[in-house]
Each structure stands twice: as C-alpha cells, then as structure tokens.
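Chemist: All chains should be modelled from the sequences, with the hints used to inform the complete structure.
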Amino acid sequence: MNAQTDIDALMMKKNDFCFGAVYQYSSWDKYWEGTFKRENLNLGTVSSQGPAFMGDYGILDKLNFLLTVPYIETKATAGTMKGQKGIQDLTFTLKYMPIKKNIGNVQYSLIVLGSYSTPGSDYAADYLPLSLGLESNTGTLRLMGDVQYNHFFATLSGAYVKRGNITIDRNSYLDNEIHYTNEVDMPDLINVNFRFGYRSSKLIAEAIIDNSVTQSGGFDITKNNMPFPSNTMNAFKLGVNGKYTVIKQPELAIVGGYNVVTEGRNVGEATSFYGGIFYLINFNKKNN
Amino acid sequence: MKKSIQNIAFKSLIILLLGIGLIYSCDDDIAQRNEEFPQLNPKNTDVEAGTWKTYLLTAPDQFSIDAPVATNSAAYTREINEIKSFQVDITKEQKRIIEYWSAGSVLRWNEILRTLVARHNRPPYQNEDGTYPAPSAANPFAYPQFPFSNPPYAARAYAYVSAAQYDALVAAWHFKKLYNRAAPYTVDPSLQVLIPKSTLPSYPSEDAVVTGVTVELLKLLFPTEIAYVNEKAEEEKLYRIISGANVRSDVDAGIILGRKVAAKFITRASTDGAGAAIGTPAIWAAFETETAAKGEIPWKSLEVPARPPMLPLFGKVKSFLMTEADVVANRPPAPPSTKSEAFAKELAEIKSFSQDKSREHLEIVSFWADGVDTYTPPGHWNAIASETFVQQSYSEVRWARNLALLNVAMMDAAISCWDAKYVYFNPRPCQMDPSIKTTIGVPNFPAYVSGHSTFSAAASTVLSHFVPAKKTEYEAMALEASNSRMYGAIHYRSDCEKGLTLGKKVAGFAVARATTDGAE
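Top line first, the protein sequences correspond to chains A and B.
Here the first sequence stands for residues 1311 to 1598, numbered as in the working numbering.
Here the second sequence stands for residues 47 to 566, numbered as in the working numbering.
Worth flagging that the hints you see were computed from the coordinates, not collected in a lab.
Cβ atoms here follow ideal geometry from the backbone N, Cα and C, with glycine treated the same way.
Some clues are possibly wrong.
Footprint (simulated), chain B over chain A, 3 or more residues, beta carbon under 8 Å [to be verified]:
1) 1387-1398
2) 1430-1444
3) 1477-1484
4) 1487-1497
Modeler: This is the structure we're talking about:
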C-alpha cells in the first residue's frame, strides 16, 4: 500500500496545505512462491486494510513537503495464524519541481522527489505474510517527467529505493547459508511508474502501470517454505485512480482507486482499492 | 533565460547528489557472530583422551592405521616441501579458508550440519489429491528431497555426527600417543605456522579424522548435499597443509581412520528404527481409534489438507543411552483429560495468551520458534553450546565429547518426547477452541509434552554440567523457550512443565555418562 500523492506530478502552491485520509483494502488468495503461483489453504485470503492519513504542504510553489501515516490491520481467513495491527511506516517526502515549461499548448515539467520512510511502531517484520511491513528505513529518490496537453497528461517516473538493514527477533536465519546475526541486509528496489489520463481542476482520471523489481541480494521463497523479509518481491501492477473536486473554495475532493498485481515474484496476487477525502486550505488567504 | 536553466540544472544536480549520498551512506555490512570466533588454541590438549569411553568402538584401536614414516626419512622431507611450496604464495581465498577452519574442526562441521538441517527442514507440499508425498532415502533427489529434517530427524542427525566424531577422535588420540610423530613445525623449526602450535603428536591429523568421519555420515544423512560437503572437506584438508599444521600423510591417515569409524555408526543408523518412524496410514488411524476408545479427544492435523502426524514411531528409535524400559519408566503421567476442569483452565490460559498484544511475547515466540527452514531447537542449542565452548578453548576431542553428550541427550529428549506424544495423542489448544489464534505455525503432531521444553531442559542440564557458572543462564533460557510455546498459543502449561521435567530426567543419563567417561 502506498500513498498516491508522492507519485503524481501535482504540486501544492506556496502555503497551501492539503490533508486527508484514505481507507485502503488489499487482499490476495494466490501468491507466487518464487515463480510458482499457488494458493495456500492454511492462509485462505490474506488481507491488509486500514486508514492512512496524509498531509501535503506547499513550502514554495516548486517545493512541497508530504507526510503519510498508515494504520494497518492484517488477517488471514483460514489457518490459525493471528493477524497484526498497528501503525506501519511513516513517509516524509520532499517534492521539488525545478522545471515547468510551456511550449505551445504543451506543458512540460520535471519533478524530483526524495523520501524517507521509517516504521511508526515496533512491529515484527519477520512475520510474513501477516507482518505490517518490512520494518526497513528506506531512502527513495524519484525522478519524474510530466507532459500535459489540454486536459490530457502522461507522467513517467523511476525511483531507486535504498533499504537499510533490519533487526529481527531471532538471532540467526537461513538464506542459503545460516547467518548468525539478527540483522538482515535488505535488497534495494527499483520502481517504474507510468500514468496517463485526464486532468482538470475539477476531475482527474488516470490509468497506471507500475513495476517494482527487487535488486540483488533478495532470494526466492523455496517450495512450501515461509517467506522472509529479504525475499525478492517483484510486482507488476495495473490500476486506475480518480480525484473529483466537490467544492472548489476551499477545496474539498474525493479520491478513489483500484489496482491489481498481474505478475509477481514472492508476493501476493493482490487486488487493492482505496477511497478517501481531502481538504485544502490556503494559509495566505486566511491571513489576508 | 540561459542563466536560469543553468541555475535549475545546478540545483537539480545538488539534490540528486545529496540523495545519492544519503542512499550510499547506509552501511550494509553485517558482522556475524561465528565469523568472530578466534583460532582454536586449547588450554589443555587432553593427551590421555585415547582412553576415554567410546560409544560404538569396542576399543580405541578397533580400527588400525599404518605406522607413519619417520620424520627423518626422505619421504617426510618431501611432505614438508609440499607445505613450503604452498606457502610461497598463499592466495586470498586460501587465507579465508585458514581463518575459517582454524576456529576448530568440530565447531565448523557442527555449523555445516546446522545449515544442512535448516535447508532440509521443509514440510512437503501436498499432491493434487490432497495426500502428501514422503521423502525417500532410496530416491533422495525426487521431490520432496530426502530428508525432511524436522526436529526428531535433526536431533538424531546431530547425535550421530557428534558421537561418531567423538569415537573417531578418541581413536585418533590413541594413535597420536602410540605413534608419537611430531608435528611438522617441530621437525622443521624453519617452517611457517599460521595457527597456534600444538604440543600434540600430529599423526593422524585430528581435523582429518573429523572430516573423514563426518563426510561419510553426511552422505547418509543428507545425500543431496554430497557435493557441498566434499567441497568443505577439501577446503579443510588444504587448510591443514597450507597452515603448516599437518603433513599430507597425517591428513590421509586421519581420513582413513575417520571413514572406518563412520562405518560403525552408519550400520547402527540403518537399524535404529528411524527409517520406519514415519509409520503407515493404518498406524496413523490406530492412534486415533485407541485414543477415542479411552474416552479422550484424539489429536487431529489442523493443516489443510490434513497432514499425517510427524514421525509417530520416533519414540521407538534406539537410543544411545536409554533402554526401551528407561523410556517407559521416564514417561510423563497422562495430561489432564480434555473433559476435566483442569483442562478447561489450561485452555483458558492459552486463550488469554492468544489474545494478548504483548510485543515482548511475540519477540520471545519468534526467538525460540526454530520452525520450518531453521536448524530446529536442537540446532539452536548446538549454536548456544558452540558460542560457550569457543570461550572455553577446548581441545577438538573435548569439543566432540561435550557436543556428543549434548546431542545424545537431545536425541533421547526427542525419543522420550515423541513416545509421550503418541501414547497420549492429545489435541492442540486451537483444535479444542478454533477461536485461539497463534503467533507461530501449529506443529503437526500432538501437544503433550512440548518438544521445545524437553529439548531445552535436556540441553540446559547437560550444558550446566560442563559450565556450572552458566547454570542459571541456561535454565532461564530453557524456561523462556518453554514459555514461548504458551505465548504462541500452541501448547498448554502442562505440556511445557512436564516437558521440562522430562528433559531434565533424560539428560540425567548423559550427565551420568559424563562423570564416568574418563574425561572429568
């Protein structure tokens, strides 16, 4: 589950503050054990759901600060394993737009995003597939290009996610050899995201293609084995998002989206959707 | 215009560089405990170990090795020259091998065995028709690969390897004293030695004896891993020669002696009953009907599809120290009847553990879980023992002796615990109350008594005998391992408490042997 605002090409104006909440629900009943797609009757359907709170502040027209706080509850419908709940990873993002140019009717922009994420609670990562997250502190650098012609747009971005080591509750674990430590080297990730559609001040409707590929150091779940936080976890996703502005001044918008993992490795074949509401206020205008 | 583009480009570059800097500043290097073990430098060479009591060898010289060539012979000089020729140019990889193996042969082979156990500790995936395939020793590469090294299989593997290493080293110590051939660095003081010098005679090489005996046993226990095991063995042989610790004939004689000793253990293993421990569908069904006939609720598998119970006849496997009558005599009393008030109380306690949100409990559960894809609870205790033994600077033969006593005790724990589990065949808490959710997978065998508790009490008792200063620490660990099974909601209190009692009793056999084997 990830917040949408740190991956789109929209910027808050200076002193605008947008905040809101979405409710997300994601579930799967099939998963890829390495490349082998299977079900597990001892898990049934595995779901994670919960609200995420988000804020986006325009420090400058060209520089925004974003914060996301997700709360998650996991559950398996079959078997005996107990679900978990709690605050997952807090994400802090700086979003900078160095270039915004109009050439004829076409507007081009380039955006750079730097994010840092860190667990918001002391959850156990080594409790897959029911853990709240992977517990790693991550640094993400994303480069994004956006093109808009009239109300039609396309955004392409690529990100490198550097993941820090994590500490698990046991003091040894196996990948191919046993490692006598409670620290786990987490593989990094590259994500490519492409989105296109219709964008106006009233309505945004877009389709998304998203691909995440774990870099070296990850390994596969072997046959009928348990997953591990440093597994390779690749996912190719297709989805749609929408944002509709109900009231313009001050702005009140509703958002929603849906996506599915169509190809993966050591991940669930997840179907996810979310819906939420956002409110935007401008501190300048209030002060005036 | 041009200037502003430059400005923008410059700012973007700075942000990028900062970002990249941040990303690469994180240090991924992880220090592992077993990489920091020092070179083995025994406080006491245990020069009289050739007289210690063996498990299967009828006498330390039951198998002979040829008398070595004299150190003043031309043949011996050529062997010294081999060492020197290696030492002219020691590669980085050879240095790594020396650093790794010089921590100790018994230690490193114990670690390798733990890795093999963990790699093969995976329950088979079901067939299309909902039955489960079983690994076959006759066809080990077919899925599911042989073996499935679950806790009883692992306990037995650790015991065989450790006991065989011990017998082989006792024989080696006998021949060291008998032939009394000096180490190459004593014969030729100009020789470089890359490890601590030992005053022991070097024929046969103790490392080679351990390699020889271990490789043969691992071929039996983990047949799909022979290539991996051989690679390790070749490394170790090379290490002894390059480091100047042994000449090649020390190594060759050690391998031969080790192999001969292994044969005795392999013969025993083929007739100890472990091969039949999996049972048959008729036997599995009989447990159920017999338990129901007693008026109790029989255990059933909570997996979907239902999986046959794990090694139901392991209680009949032939122990190294206990007779069948000993196993029966030490069998725990029956658990509370599923219809009793005492049982209802115990079930309620586990239900409350399943509902608590204690992060500390979850941590303890996970720390001691030692489930699928791990070296199992006996492996965990081998790791604990090894980290203590490293500090004790034991000789190789004492390392082997202490690990053998530990592992023979844990094999007895497996035998006695599995005996109780299938005599009583009682249900797990979440079979009785499906609303009980667990923080660990429910093991696929009856509850009473807890395997973790039995293994841990046996291990802590034996280790406390070796290192009395750590008794309190070991007992606390065993208790925590035992409690973890209640916190995880997979065992009742009586499973854990009676398991601890059983483990302690079983360990008494190993401790009694320890006091009479000639090593104390």
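Chemist: Each hint needs a verdict: does it hold in this structure or not?
Modeler: How the hints compare with the structure:
1. 1387-1398: holds (count 6)
2. 1430-1444: holds (count 4)
3. 1477-1484: holds (count 7)
4. 1487-1497: Answer holds; 8 residues pass the 8 Å Cβ test.
Checked against the numbered hints listed earlier, the structure breaks none of them; every hint is satisfied.
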